[in-house]
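Chemist: If you read the sequences in order, they're chains A and B.
The C-terminal residue of the first sequence carries number 171 in our numbering, and the numbering is unbroken.
The C-terminal residue of the second sequence carries number 427 in our numbering, and the numbering is unbroken.
It is worth saying that the hints were derived from the structure and are not from the lab.
For each residue, glycine too, the CB sits at the ideal point set by N, CA and C.
Accuracy of the hints is not assured; some may be wrong.
[To be verified] Partial chain B-side listing against chain A, Cβ under 10 Å, derived:
no. : residue
1   : 266
2   : 268
3   : 387
4   : 396
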Amino acid sequence: MTNYKSLYQEVILDHNKKPRNYGTIESPSHHAVGHNPLCGDHISVDVVLGDERINNIAFQGESCAICKASASMMTTAIKGKTRAEAETLIQEFLAMATGKLSHDACPNIGRLAVFAGVSDLPTRVKCAILPWHTLSGAFNAVATTSTEAEQDPMHAPIGDA
Amino acid sequence: MSASQTTTKFQSTSAFDVERIRADFPILKLTVNDKPLVYLDNAASSQMPQQVIDRLVRYQTTQHANINRAVHYLSEIATSEFEEARRKLQRFINANDEREVIYTSGTTDSINLVMHGYGRKFIGAGDEIILTTLEHHSNIVPWQMLAEEKGAKIRVVPINDAGELLIDEYEKLFNERTKFVGVTHVSNALGSINPIKEMIAFAHARGVPVLVDGAQAAPHTKVDVQDLDCDFYAFSGHKLCGPTGIGILYGRAALLENMQPFKGGGDMILSVTFEKTTYNTIPHKFEAGTPPIAAAIGLGAAVDYLSEIGMDAIAAHEHALLKYATEQINTMPGVRVIGTAEHKAAVLSFAVDGVHPHDIGTLLNQEGVAVRTGHHCAQPVMQRLHVPATSRASFAFYNSMDEVDALIAGIRTVQKIFT
Ligand SMILES: Cc1ncc(COP(=O)(O)O)c(C=O)c1O
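Same shape as in the complex, but just chain A:
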């Protein structure tokens, strides 16, 4: 049986305690708020998308350690990437967290592989993917997204999460 403690590794605990890119951005080009109605957690994501790359990204919110660390590590991974690269990473992260792909099968996942363990914890998958959902919502101009809602852009892929 999986040792769930492995999910609460140094990296995750560190990002939870000292989240990177925490806050809001004055005039973002893209913005969305994500909710997990099952636990009341919510986070906002602000993005400044330049002509070629994501110049800046920030997040803020109330959430558990898994969600906060996922958001923090997402921002460091995404900053400086093109939108296409970011979209690819979103897909890889969602596939890994929901157990559809192993982390070895995700070429861009890098340090985010620490979240692979959530796929064994169905009740915690949503915590890890909420920031990614919200970022996807921001890119697609969906102002509020939710892990439960109909309009959820990721609704189908996480249906069994």
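For chain A, the structure is supplied; the task is to place chain B with the ligand on it using the hints.
Modeler: What follows is chain B with the ligand alone, placed relative to chain A:
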């Protein structure tokens, strides 16, 4: 551990043979993550003793058929066992008449039955329904649906910071438009025991009927609906060592007779033509279709089991568990009990500084300890206490003091990981 805590622990274990009781519950022998299961999510659903499991097996292997329908052997025996279980439940809550005991699918279904059967007939535009901040969503949402449909209004009894209802405020909410009161006997989120007997007397003096949500009380205290003098009392089988899919609505016969049916179908009628249908008598008027027969008989066996141990002994042991756990938590820096009402039953909600309840839940699970985390389907009380979510340990009579120790050790582990 201080001397006084040791005493608390010793006294209650010696008075109550918890190990003998635990032997009745096969599921308690499980290991989770290589640790012995410590099941402290009893407020969500309790576990089933072998006696109830055996009863279900016996019913299913030797007694099953549809009830009230045929003259053959099995139908007669199933019907008589189903009705015998109703009488067991009648005695369990000391109802005056077995016709006052209606089988439903659970507390939620029981409350919806009252909303449709009583509320839609007797509550109209401008009327007021009194509920409390401590209600579970199942005793809020049906009334909101009714209020919206009828143009009625919901008034809410506030609580203090300890999680106790403000009875002065409750009394001030009454006026000539007040038509109904819905109140939980025990709060599922905080464990507060509400002074429902006094609340019922106050409402009755103004001619207002009262529904009590007993989902969290029936498993933990002796319920006497005649002594309480309540009009409706709702509870669920699965929180009472019985099966899921079965619950009870107690209703005063005179009220039930004047109510309209909730669901239409077979068994709830005396005669049907396309011109006119005559409804059956109570309780059958409210039991349309084939009921969960096995579950009802299983619930009858469950209340037999509980009665044999004795609800007073159960309440005393659970009180000792709650007291010991509360004392332990109060010695831990950075851990806070949420809900400090003077009268509490079996529920311990808590918060750990700097750690989100979901992380606590996952890490305790790793130690084999099952608790509930979240808003406990009681968002208004969470908002009132300014906590988005809590962790909740909820005890049953088969929990032991050693399991409280496992919970406390688990919380220490969580704190260590997060520092
Ligand atoms: C106080 C209270 N009321 C109602 C319910 C709903 O019970 P059920 O889901 O069995 O209908 C619960 C269960 O969580 C409860 O704790």
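Chemist: Which of the numbered hints are not met once you compare them with the structure shown?
Modeler: 1, 2
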